[in-house]
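Take the given structure of chain A and dock chains B and C to it, following the hints.
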Amino acid sequence: MTALHSQAPAGETGGEYAFAYLDEQTKRMIRRGLLKAVAIPGYQVPFGGREMPLPYGWGTGGMQVTAAILGGDDVLKVIDQGADDTTNAVSIRRFFSRTAGVATTTRTPEATVIQTRHRVPETPLSNDQILVFQVPIPEPLRFIEPAETETRTMHALRDYGIMHVKLYEDIATFGHIATAYAYPVTVDDRYVMDPSPIPKFDNPKLDMNPALMLFGAGREKRLYAVPPYTRVVSLDFEDHPFAVQRWTECCAVCGSRDSFLDELIVDDAGTKRFVCSDTDYCRQRQQETGQ
Amino acid sequence: MSDAQYLQPAFERPAEAAQQTFRAALRALAEPGLARPLPPTPPLERMAPATYALCLSLLDADTPVWLAPAFDTPLVRANLSFHCGCPVVERREQAAFAVLDAGDLADLSGFPLGSERYPDQSCTLLVQLERLDGGEMLAWQGPGIAAQRQVDLPLPWHFWQQRALHGDFPRGLDLFFTAGQALLGLPRSTRCLAPVREAS
Amino acid sequence: MYVAVKGGEQAIDNAHRLLAKKRRGDTDRPALEVAQIRQQLPLAVARVMSEGSLYDEELAALAIKQAAGDLLEAIFLLRAYRTTLPRFAASVPLDTGRMQLSRRISATFKDLPGGQLLGPTFDYTHRLLDFALLAEGEPAATPAESAAPASLEPCPRVLEMLGREGLMTPERDEGAAVPDMTREPLEFPASRAQRLQALARGDEGFLLALGYSTQRGYGRNHPFAGEIRIGEVEVWLETPELDFAVPLGDIEVTECEMINQFVGHTPDQAQFTRGYGLAFGYAERKAMGMALVDRALRAGEYGEEVQGPAQQEEFVLMHCDNVEAGGFVSHLKLPHYVDFQAELELIRKMRQPAQDATPTEPAPLEENRA
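As they're listed, the protein sequences go chains A, B and C. Each residue of the first sequence is one higher than the one before, starting from 1 at the first, in my numbering. Each residue of the second sequence is one higher than the one before, starting from 292 at the first, in my numbering. Each residue of the third sequence is one higher than the one before, starting from 492 at the first, in my numbering.
One thing to keep in mind: the hints can contain errors.
Said to hold, decoys possible - Rough simulated footprint, nothing fancy, chain A against chain B, three-plus residues with beta-carbon under 8 Å:
#, stretch
1, 408-421
2, 440-453
3, 473-484
Worth flagging that the hints you see were computed from the coordinates, not collected in a lab. It should be emphasised that the depicted structure is a prediction, and the values quoted were computed from it without experimental measurement. A virtual CB, placed ideally from N, CA and C, is assigned to each residue, including glycine.
The shape of chain A in the complex, shown without the other chains:
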């Protein structure tokens, strides 16, 4: 027996696949999940995550969110590690220009939807933009307590004691909170949330950001959100306040002293150079300074 594969998947584009790949029923399911996520900021909404034609762990959650929200008049930007030209960013951008035919851009201010892995753009976002994060492990408590049944109870009871104990043990062992990325935050004074593996350098950008931030975890099948203008506070202690990374060097290309820098090893002697991880920000600055 053979499945009815001669029949093309339902879609209105008339092509092989539906607009932005997902069928309308799946999009509706994701859209309903996103509305709940927005209504309960920082809470992880379970959703019937679908298999995407890209591997789990490569941004399928972010892609499902993007596919569910994207419209014909959107302008999409995709970044990985802050850069538009990393292979995975190229691959995901291609996917949407192929399946949805949407306009794409590398310029942060021009985008209406930005899908990102591991960074928040340096250029401040506007109220008309949506930032979609790819999330590998949505549960901030997962590495302290592996069982979902337990962590769900902790969120329900707002019992985040183990997280504070863990951070405090870091300080006792290392003298610092030993978390440099995926640094946990509290959203609107209620849920502790994993901001995805962005460097903690980006955490302050989440607080009261004018853009809507949506988070999609495909393999773990969770959606969550931070609405615009929402309080997002990085966990810390009075005697060990939260602090972000900063470099003594500036960007070797644009001279920025305010952006997150990639470290390059440029010769066999181990000489280091630092350049902006946000390629569009770096380009904007080069244009401004005429370099």
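Frame of chain A; chains B and C shown alone:
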């Protein structure tokens, strides 16, 4: 009269209109209190275009819907069944969505509020009003609002009592108010403060 | 200045071309036909269909060809295709009691109604490489055409017979709607229907290893292979338009029912328990592994202490899917420059007091929260 005779038009371009309606709804819920226009949609009997557009955009076989008496007509049932495929349920406790009008706001009991563990398993209310302003001015605060937003939805005072009664964050009801072609969101996370009165 | 190597469209296109070339191999050799794969690698096709959750031999064979024989990649291809298919209806439950058997064995009874039917099996082959196949000839012993046609009589299931004697704990059909784990996220504790779905598309190797671990004492459940049957069953569909069910066609499945250790509050109520495995196609190892793990996961139901990984529902169900596991492990290949830079900064900062005499190390500064 057969079902076919009840059938009314829906979205002209379903995928596109559903996406646009959803984006307006997303934005309305993300920035509570701001009225948003929706793409042109025909009305469905007593259902205003915005109410109908939300139904067409969000409902399907996975979303049991509860209809307040004013909307529970053979024509509405036939069209929701045909265009959305959503089951219409008799009990509020079974509903994922509910369609109400201003007259139903004196009693919001029965709708699922979600649990502490799964607060998302709550009902979303679509509340159809005559208009989205002209009522008593309240100060809204919370996620999606930079400082404070003045909102004057024309709602009876008992609505606010009902909302407080049926919401214990993170459990609670999320609402879309609709009028004509526009909608306005009120998620459970919004804190609506007592009327703003000038000191006399 | 050195510029970080960042892939672009060109790099991706080149990679695709190289992959196509690697897949095709020497073009002096004829290309594999999908029909050849379907016919001559039926066990690979079966695995891809089972774990791809789609019964379509031709597409499974295509996926194997496209994946250059990487079965997990083929499973992934089939899953990603399956996601886009419209869902018409759920079939009537398969009646494996009416299977047209090609193989049926029981390890619990020497003889039984319907008899034992060895069928095509590797079981008693001596694992000696057959060099006749290398010479591209037929194997020395050509298959006997005289293989007895399978009995057309229904062949009662072994566990049913024990059940009639009251020796098996009965399985109850609650009549509830069957959940679909590809559409609704798992919540824990999961129902048995959800567990069986997850196991049915779970990785054969993972289930095999977990099943094996129960045999070695990590959640022992005293299994006997009550019955394994392989053959064709009819798929029936009830449609709202018709008052009766209609047959859609036959599919090949492998079913394994394990008879496991007994339970009962008092000795006179003691009954055996069951572990169940079902897979598309000829997939005996998968079905057996699944049955062992299914039984292990029923620990809670039977008041057994959870001692082994195979009994831990969340652990098993969250890790048995090879498309999920393969994806997340492989994502480590993606750039992590940013996170690694953040870690570098931290580790250097932590080591600072101990080696403040190393001037070459750029000292990252701290900046308080804005």
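For each hint, the structure was consulted:
1. 408-421: It holds, with 6 qualifying residues against the three required.
2. 440-453: violated (count 0)
3. 473-484: holds (count 3)
Consistency with the previously given hints fails for number 2 only.
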